[in-house]
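2 protein chains.
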Amino acid sequence: MGARAGIVVTGTEVLTGRVTDRNGPWLAEQLRRLGLDVGQVVVVGDRPEDLHSALAYLSATNDLVLTSGGLGPTADDLTAQVVGDFCGRESAVDEELADRIGAIVDRLMARRGWAVDAEATREGTRKQARVPAGALVLEPVGTAPGLVVPPAQGDGPPVVVLPGPPTELQAMWPAALAAAPVRAVLDRAEELRQDTLRLWGTPESELAATLRRVDDQLAGLEITTCLRDGELEIVTRYAPAAGAAYQRLVDAVRADFGGTLVSEGPDVDTLVADALGSRGLTVATAESCTGGQLVARLIDRPGASAWVPGGVVSYSNTAKQELLGVSAQTLATVGAVSPEVARQLADGARSRFGADVGIGVTGIAGPGGGSPDKPVGTVHLCAVGPDGVVTRSLVVPGDRAAFRKRTVTVGMHLLRSLLLGGPPA
Amino acid sequence: MGARAGIVVTGTEVLTGRVTDRNGPWLAEQLRRLGLDVGQVVVVGDRPEDLHSALAYLSATNDLVLTSGGLGPTADDLTAQVVGDFCGRESAVDEELADRIGAIVDRLMARRGWAVDAEATREGTRKQARVPAGALVLEPVGTAPGLVVPPAQGDGPPVVVLPGPPTELQAMWPAALAAAPVRAVLDRAEELRQDTLRLWGTPESELAATLRRVDDQLAGLEITTCLRDGELEIVTRYAPAAGAAYQRLVDAVRADFGGTLVSEGPDVDTLVADALGSRGLTVATAESCTGGQLVARLIDRPGASAWVPGGVVSYSNTAKQELLGVSAQTLATVGAVSPEVARQLADGARSRFGADVGIGVTGIAGPGGGSPDKPVGTVHLCAVGPDGVVTRSLVVPGDRAAFRKRTVTVGMHLLRSLLLGGPPA
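Protein chains in written order, with full-length UniProt numbering: chain A, 1 to 425; chain B, 1 to 425.
Only chain A is shown next, with the shape it has when bound in the complex (with noise of 0.2 Å):
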């Protein structure tokens, strides 16, 4: 084992789940590339002796510590003086710094067209403007400063302090990884590989079965396995020394489920973006329950624009019928929630928008809506392109963010199909 690092995050937004924190997947995925594992992401409130009881856990047993968040101008914005209290440094203002700061906060309100409190601005500059004695200052990208703070007595890892805008931190972090005591610690890194496999339609104990079997063969290999919206994903982590393991593992795994393998790498939306792309396909969507989660997950990507002309959320059964096309005879003999409505929606997606390619869904999210032959949760989908037609129809359990998440995967993989084949969704 290399190289590790542990990520705090902090903000009782993020604690309590009213902000979904972005920075430490990123972080982990940036030091990753390192070469660096990350072992713990925390996530604490703003309270300080959280903070520094966080500190105290991840110093403990890796080589970095970087945390997110806490930097604004408010009171329990606290954590550039709770790691220097950690790490046995006085904080100060530095004067040059607090403006810069105040420069920035300056432009910032008057671009935004707000009248500024100069006192009080001025009060939140100094603040942010606290450096502990021996700290590198990353300048600002918002108006918060990073820091790189060694530890006082020469023991420890460095803590790298960043922002929480996401934005923010992103831009920083090329400063932070130039740092000397950062980049002592890169120095001590060994490359990290991570390769996935993607199976659609293996339950996860027939592929315990295989590992298992294997197990003996694959020395040097940290596999997780994780099975998400009817998706089987096998990510294995490995040091290059352990390449030919890992080939032996694509090898038990391509001879036992070569027939709902999909990917040995790029996820699905990869998978259908490319498809498009190289045949130079567009394509459409219609969709009544999942309320425009699908064409959001195309149009995610960037460069959508070239490959997806739009789609209609049509919730109510006049807008399926005027703005797509579907037959009122149609929705008053097997009504919305229907294979054959499916259909429609994906020939009107496609004939509307003058795609090659459209898809239709129609289901029931619930929490209401369901009924005993068509229960919360149904849902058929249909795509229709140059080479023929897929369905899929089923029910899905769990919640309504569930059903849409997972609805939204199944339509996903019947693009796949339809552009690819493999497994069917």
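If you are wondering where the hints come from, they were derived from the structure by calculation, not from laboratory data. Being a predicted model, the structure only gives us computed values, none of them experimental. Careful: at least some of the hints might be erroneous.
[Said to hold, decoys possible] Taking CB as the label site, the calculated pair distances span:
#	chain 1	residue 1	chain 2	residue 2	range
1	A	178	B	186	35 to 41 Å
2	A	327	B	373	42 to 48 Å
3	A	393	B	96	34 to 40 Å
4	B	372	A	306	19 to 25 Å
5	B	401	A	393	28 to 34 Å
Even glycine gets a Cβ: it sits at the ideal position worked out from N, Cα and C.
Fit chain B to the given chain A structure using the hints.
Relative to chain A, chain B alone:
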């Protein structure tokens, strides 16, 4: 301070960000309502030594420890075993429990129509049925049983072991609360209130000045402020005895920020949904750059079909014209990203869906597509309703994901200001 709890979320897929943790925040909120303050959420991968040290860290300062995940049938699912070891309790297979799990797995496989390898299933089942001596079994909701494990020596907190899938964890929660060791902790809990004030258009530094000014009147309040997507949240936790102090905080915020105070509780989604519901109005969307995220956010709420007939995502100019009636001449003269097109999108959404309110969004999410006079981040929004028209034009900083998220929030505030007045979006 009353009783406290700490949470461990296990799983390399969470640690590396492939899966977003929903359990930590959910558990934190449930525990808060029961009067148990959550100090830390720790995310660890699937390594036993990391889970063990996380348990030690959390046990040192908490009255209750909870874990989620790591109860599956594969070899990397180690939580039950490690918790048993940590609490000094030997684990052994509970044969009757193994039979019950086996029956569940058989039913599940049959329903999915998956072929089952009986031997593989049995090994996984027996692994899932290993129970530390003296632990209480929480009956499986999916296939994995939960556990309540008392400490071996009578000191240290009990550990509640819960499954990773949020639906299973939530369904198992009442059984966990009913367990005697958990009830004993809850008996020591004290009521902990949480209330939220929301400002739209006030910089954090000005709020900080107000909080400093009235600081001596706010004893007993734990105040955190969080600026995101332009919204400034003030979340306060306090014991009932500090109710008068909370009222003083509300008065101070009302006095200083009456013009930007949009809510003394509900979030903007609730404000908009309630305003539509109480007036019996419907809303339809026409989005380009936000790609369906606005309509998806409106539809996130159960029952949304009553007030959202649907929306159109029109990425291409052709779709804007044909599906929403945007004028070809407007597109040719001022371009798709313009206040004029935002207005026509809003009108088009309103008329095509026969909705009372229409909202249009057009902008450049990036990374491509910008120009000197319309840089990446440029966006125009317009909402039209029975009482008038509101608009907003701005340049949003940050990457594609940040742009879309922020723009959707501005769209929600545009609807809020159209329906309820208050500070402009």
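For the pair residue 401/B and residue 393/A, does the Cβ-Cβ distance stay inside 28 to 34 Å?
-> 33 Å, holds
Residue 372/B versus residue 306/A beta-carbon gap, inside 19 to 25 Å or not | Given a distance of about 23 Å, which is inside 19 to 25 Å, the answer is holds.
Between residue 327/A and residue 373/B, does the beta-carbon spacing fit 42 to 48 Å?
-> Roughly 46 Å apart at Cβ, these two residues keep to the hinted range, so it holds.
Satisfaction of the hinted span 35 to 41 Å by the C-beta atoms belonging to residue 178/A and residue 186/B = Cβ of residue 178/A to Cβ of residue 186/B: about 50 Å, so the range 35 to 41 Å is violated.
When you take the CB atoms of residue 393/A and residue 96/B, is the distance between them in 34 to 40 Å?
-> 37 Å, holds
Consistency note: the structure conflicts with earlier hint 1 alone.
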